[in-house]
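Protein chains in written order, with our numbering: chain A, 15 to 436; chain B, 15 to 436.
One thing to keep in mind: the hints can contain errors.
Same chains, same names: a pair is fine if it fits in one copy or spans any two.
Claimed, not checked - Capping the alpha-carbon separation at 35 angstroms, the derived lysine-lysine pairs in DSBU-like fashion look like this:
#1 K116 with K157
#2 K20 with K386
#3 K296 with K52
#4 K386 with K195
#5 K46 with K114
#6 K52 with K114
#7 K201 with K426
#8 K253 with K268
#9 K114 with K157
#10 K343 with K30
#11 K253 with K20
#12 K414 with K386
#13 K157 with K29
#14 K426 with K116
#15 K305 with K29
#16 K165 with K116
#17 K46 with K157
#18 K386 with K296
#19 K357 with K296
#20 K268 with K414
#21 K331 with K30
#22 K157 with K52
#23 K138 with K157
I should point out that these hints are in silico values taken from the structure, not numbers from a laboratory.
2 protein chains.
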Amino acid sequence: MPISMKQSQLFTKTKKESPSDEVSLNAELLIKAGYIEKEMSGVYSYLPLGLRVLNKIENIIRQEMNSIGGQEVLMSSLQESSTWEPTNQWSDDQVDVWFKTKLKNNTELGLAVTHEAAMTKMLKDFVQSYRDLPIYVYQFQTKFRNEVRAKSGIMRTREFVMKDLYSFSKDEAEHTEFYEKAKEAYKNIFKRVGIGHITYLTFASGGMFSKFSHEFQTITGAGEDVIYIDENKGIAINKEVYTDEVINDLELSKDELVEKRAVEVGNIFTLATRFSDALNLKYKTENGDDKSVFMGSYGIGPGRLMGTIVEVLSDGKGIIWPESIAPFKVHLLVLGEDDNTHKEANDIYNILIENNIEVLFDDRHDVNAGEKFADADLIGIPYRVVVSKRSLSDGGYEIKKRIEEGGRIVNKEDLINEFKNV
Amino acid sequence: MPISMKQSQLFTKTKKESPSDEVSLNAELLIKAGYIEKEMSGVYSYLPLGLRVLNKIENIIRQEMNSIGGQEVLMSSLQESSTWEPTNQWSDDQVDVWFKTKLKNNTELGLAVTHEAAMTKMLKDFVQSYRDLPIYVYQFQTKFRNEVRAKSGIMRTREFVMKDLYSFSKDEAEHTEFYEKAKEAYKNIFKRVGIGHITYLTFASGGMFSKFSHEFQTITGAGEDVIYIDENKGIAINKEVYTDEVINDLELSKDELVEKRAVEVGNIFTLATRFSDALNLKYKTENGDDKSVFMGSYGIGPGRLMGTIVEVLSDGKGIIWPESIAPFKVHLLVLGEDDNTHKEANDIYNILIENNIEVLFDDRHDVNAGEKFADADLIGIPYRVVVSKRSLSDGGYEIKKRIEEGGRIVNKEDLINEFKNV
Numbered sequence: 015m016p017i018s019m020k021q022s023q024l025f026t027k028t029k030k031e032s033p034s035d036e037v038s039l040n041a042e043l044l045i046k047a048g049y050i051e052k053e054m055s056g057v058y059s060y061l062p063l064g065l066r067v068l069n070k071i072e073n074i075i076r077q078e079m080n081s082i083g084g085q086e087v088l089m090s091s092l093q094e095s096s097t098w099e100p101t102n103q104w105s106d107d108q109v110d111v112w113f114k115t116k117l118k119n120n121t122e123l124g125l126a127v128t129h130e131a132a133m134t135k136m137l138k139d140f141v142q143s144y145r146d147l148p149i150y151v152y153q154f155q156t157k158f159r160n161e162v163r164a165k166s167g168i169m170r171t172r173e174f175v176m177k178d179l180y181s182f183s184k185d186e187a188e189h190t191e192f193y194e195k196a197k198e199a200y201k202n203i204f205k206r207v208g209i210g211h212i213t214y215l216t217f218a219s220g221g222m223f224s225k226f227s228h229e230f231q232t233i234t235g236a237g238e239d240v241i242y243i244d245e246n247k248g249i250a251i252n253k254e255v256y257t258d259e260v261i262n263d264l265e266l267s268k269d270e271l272v273e274k275r276a277v278e279v280g281n282i283f284t285l286a287t288r289f290s291d292a293l294n295l296k297y298k299t300e301n302g303d304d305k306s307v308f309m310g311s312y313g314i315g316p317g318r319l320m321g322t323i324v325e326v327l328s329d330g331k332g333i334i335w336p337e338s339i340a341p342f343k344v345h346l347l348v349l350g351e352d353d354n355t356h357k358e359a360n361d362i363y364n365i366l367i368e369n370n371i372e373v374l375f376d377d378r379h380d381v382n383a384g385e386k387f388a389d390a391d392l393i394g395i396p397y398r399v400v401v402s403k404r405s406l407s408d409g410g411y412e413i414k415k416r417i418e419e420g421g422r423i424v425n426k427e428d429l430i431n432e433f434k435n436v
Numbered sequence: 015m016p017i018s019m020k021q022s023q024l025f026t027k028t029k030k031e032s033p034s035d036e037v038s039l040n041a042e043l044l045i046k047a048g049y050i051e052k053e054m055s056g057v058y059s060y061l062p063l064g065l066r067v068l069n070k071i072e073n074i075i076r077q078e079m080n081s082i083g084g085q086e087v088l089m090s091s092l093q094e095s096s097t098w099e100p101t102n103q104w105s106d107d108q109v110d111v112w113f114k115t116k117l118k119n120n121t122e123l124g125l126a127v128t129h130e131a132a133m134t135k136m137l138k139d140f141v142q143s144y145r146d147l148p149i150y151v152y153q154f155q156t157k158f159r160n161e162v163r164a165k166s167g168i169m170r171t172r173e174f175v176m177k178d179l180y181s182f183s184k185d186e187a188e189h190t191e192f193y194e195k196a197k198e199a200y201k202n203i204f205k206r207v208g209i210g211h212i213t214y215l216t217f218a219s220g221g222m223f224s225k226f227s228h229e230f231q232t233i234t235g236a237g238e239d240v241i242y243i244d245e246n247k248g249i250a251i252n253k254e255v256y257t258d259e260v261i262n263d264l265e266l267s268k269d270e271l272v273e274k275r276a277v278e279v280g281n282i283f284t285l286a287t288r289f290s291d292a293l294n295l296k297y298k299t300e301n302g303d304d305k306s307v308f309m310g311s312y313g314i315g316p317g318r319l320m321g322t323i324v325e326v327l328s329d330g331k332g333i334i335w336p337e338s339i340a341p342f343k344v345h346l347l348v349l350g351e352d353d354n355t356h357k358e359a360n361d362i363y364n365i366l367i368e369n370n371i372e373v374l375f376d377d378r379h380d381v382n383a384g385e386k387f388a389d390a391d392l393i394g395i396p397y398r399v400v401v402s403k404r405s406l407s408d409g410g411y412e413i414k415k416r417i418e419e420g421g422r423i424v425n426k427e428d429l430i431n432e433f434k435n436v
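In isolation and in its complexed conformation, chain A is listed as follows (with noise of 0.2 angstroms):
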């Protein structure tokens, strides 16, 4: 992705108005900034900026999973009948969220929701002996789901690119092991994208094969789920198991628990051998017997993530963009239409891009300083920098964190290591 772009190139521009038709804050502070633009209710397209930040944060969570063994690879969206018929998950009364459509030949093909039992299939192919296994393998893929309602902006919509993870192990024992690392990795973007400490690990229902599943559930009203939170020891259960006896079994304490609405930044699953046995996904063991491939599956929606961030970290002015996910690290202002600033300014921005660091550069002419000022609190871009006659004549530029009040004045190369440092 380019290091820097000027913000009259940018075809995208800010809206003084918020959209008539979002009830959700991330939609209307995303629209309003010209980071997603809505195609219809659940459908968003993503913008330039906004793209960027997906960039981001699909990199940050690749990083993760690559650390954690994992092999990515691309799946389709288009699913024959035959995937899913062994697992019980192609008609509608059994999975309701399906888009179907048809070949010229009439077959019926539906649209991923999402990928076990294509995966599982696929692994038939590679997988013969105990000396095959382990194997973890994941995508950034686009799920389609045909929700019945989608009012919560980029939090749940009718398409999105998510992060599936699936493990394929020997037995529980190997299962469990990744799954705890599993667990790591996901606290580590959670982190990483700056939601960290409002992000709970939260025991939920489990299905059919394990006790609990795991959720990610960040802290927001906007969320869709109620959990029960334990301070102290950093962890949640979910309201649909929140039972004296699993209150009992993970030995916490009614008294400290705290109600909150949350919404599922992601997820962990124990599918066990439900997959395997379903499609016959089996090796050989050492003894040669036959033995069903126990499997896991991970999941994170980036676009969710994104939608997360911005109800969590936004002012009445706009988006606050931790800097790891970002469009830009410095957003450069340029106010008059002084030829002398305008030469500083730019001097600046070729400045930043030689030291590599990200910018967008606010030089249009005819906007005045207000404006500028009201765009970059609601794009939100972490530091931002004005270069003025009034702060040339102060002896150089103005730079101030987003979240900060003031700003102070520094020189050409303080400007410069503060960025390099940070």
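Following the hints, complete the assembly by docking chain B onto the known chain A.
Just chain B now, with coordinates in the frame of chain A:
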């Protein structure tokens, strides 16, 4: 993408047998070597090695699109009829490759086959005045096309990523200037991925608003098109417009033209005001008049490009990747079970990584030399480095290019220098 990988960890394996249900060379080789997996006819998944190649092709295209001012976005596949009806592209009579689906409330949606109309509609939000133009927007986005037949491997599929760029200019003169730049960018792309010498700028049917469109056609017997090439001028005419009039127009001579089969690997198209008129994308001129935006479209399918490269760059043993898009630069093979040899190979592996050289390490035990050589030839990485008891006693490591018959022995220092200098 990770700089290195051990083949013992890679979950895919090469296959000895060719797939029985493929007639195209690209699908046969890519499946045998473990680059792709067939989901159904015309639908493929990209495995780890294949995704690396696809990503490298995409990155080359991205660089060239950024260099001519393209701004990257990501639009949705799900589309409403209201976007496509004004341009007469919604009904199956008008566009015959739609996959259609339905929302829960029975509203019909389509899966985008292209994005001219959607992009034009989106731009209405951002284009008001002549000052807002020109704008160049592109994406790498999954298209769905309900093809009746799909027998060309990844050269023609029902689901594929496409790079589509759309240009929005004030008038034809501004459009033409960009169109010529785009031509050069496309030529750079084909040169950089290794097929520039057999890819021809080809005059094809221009549709309603322009005499010609331009295709980039790569010579291969696997192509679906027939073109007539003037080798000296480096241009060609598509059979669909091959008439005496066109030959005269282009100042070519029938005697000089050679008939060849070819595949269209890219196309650029003047749309003029067809879409802006239909969807009412207008801007205010300097004089205050309303004028329709003048448009162009520019497409490349990275998957088709990958398939084409395999068709034209292979031999009886397997694929021969150009270095720019190979999954790795070096394929390091260790032969035999001897501990010291494995230790030496591991050292080389680590040194290559330290020197930032992409390497696939065939560290597998219990696989004989013949199989490792055959796999290396099939996978087609540009440089093979062999570490064996014999190579060590000869003074080092055997290095051989994929396209060469014999290798030569080099010592550690020379080996690294070799790769640093190419």
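35 angstroms Cα threshold - placement of K30 relative to K343: Cα proximity of K343 and K30: one copy only (24 angstroms, versus 51 angstroms across).
Alpha-carbon proximity context of K253 and K20, limit 35 angstroms: neither (48 angstroms within a copy, 44 angstroms between copies)
Homomeric proximity label, K386 with K195: Cα distance no greater than 35 angstroms: between (45 angstroms within a copy, 33 angstroms between copies)
Same-copy or cross-copy closeness of K268 to K414 [CA-CA at most 35 angstroms]: This pair counts as neither: shortest intra-copy Cα distance 45 angstroms, inter-copy 68 angstroms.
Within, between, both or neither, where K296 and K52 count as close if Cα-Cα is 35 angstroms or less: Only across copies: K296 and K52 sit 21 angstroms apart there, 45 angstroms inside one copy, limit 35 angstroms.
35 angstroms Cα threshold - placement of K386 relative to K20: within (13 angstroms within a copy, 51 angstroms between copies)
K157 and K52: within-copy, between-copy, both or neither at 35 angstroms Cα: both (18 angstroms within a copy, 19 angstroms between copies)
Status of K157 relative to K114 across identical chains (alpha carbons, at most 35 angstroms): Answer is both; intra-copy 13 angstroms and inter-copy 16 angstroms each pass.
Alpha-carbon proximity context of K138 and K157, limit 35 angstroms: Both, since 23 angstroms and 28 angstroms are each at most 35 angstroms.
Alpha-carbon proximity context of K357 and K296, limit 35 angstroms: between (68 angstroms within a copy, 34 angstroms between copies)
Intra/inter-copy verdict for K331 and K30 if alpha-carbon distance must be at most 35 angstroms: within (12 angstroms within a copy, 62 angstroms between copies)
Same-copy or cross-copy closeness of K52 to K114 [CA-CA at most 35 angstroms]: both (23 angstroms within a copy, 20 angstroms between copies)
The structure shown violates the earlier hints numbered 7, 11, 14, 20.
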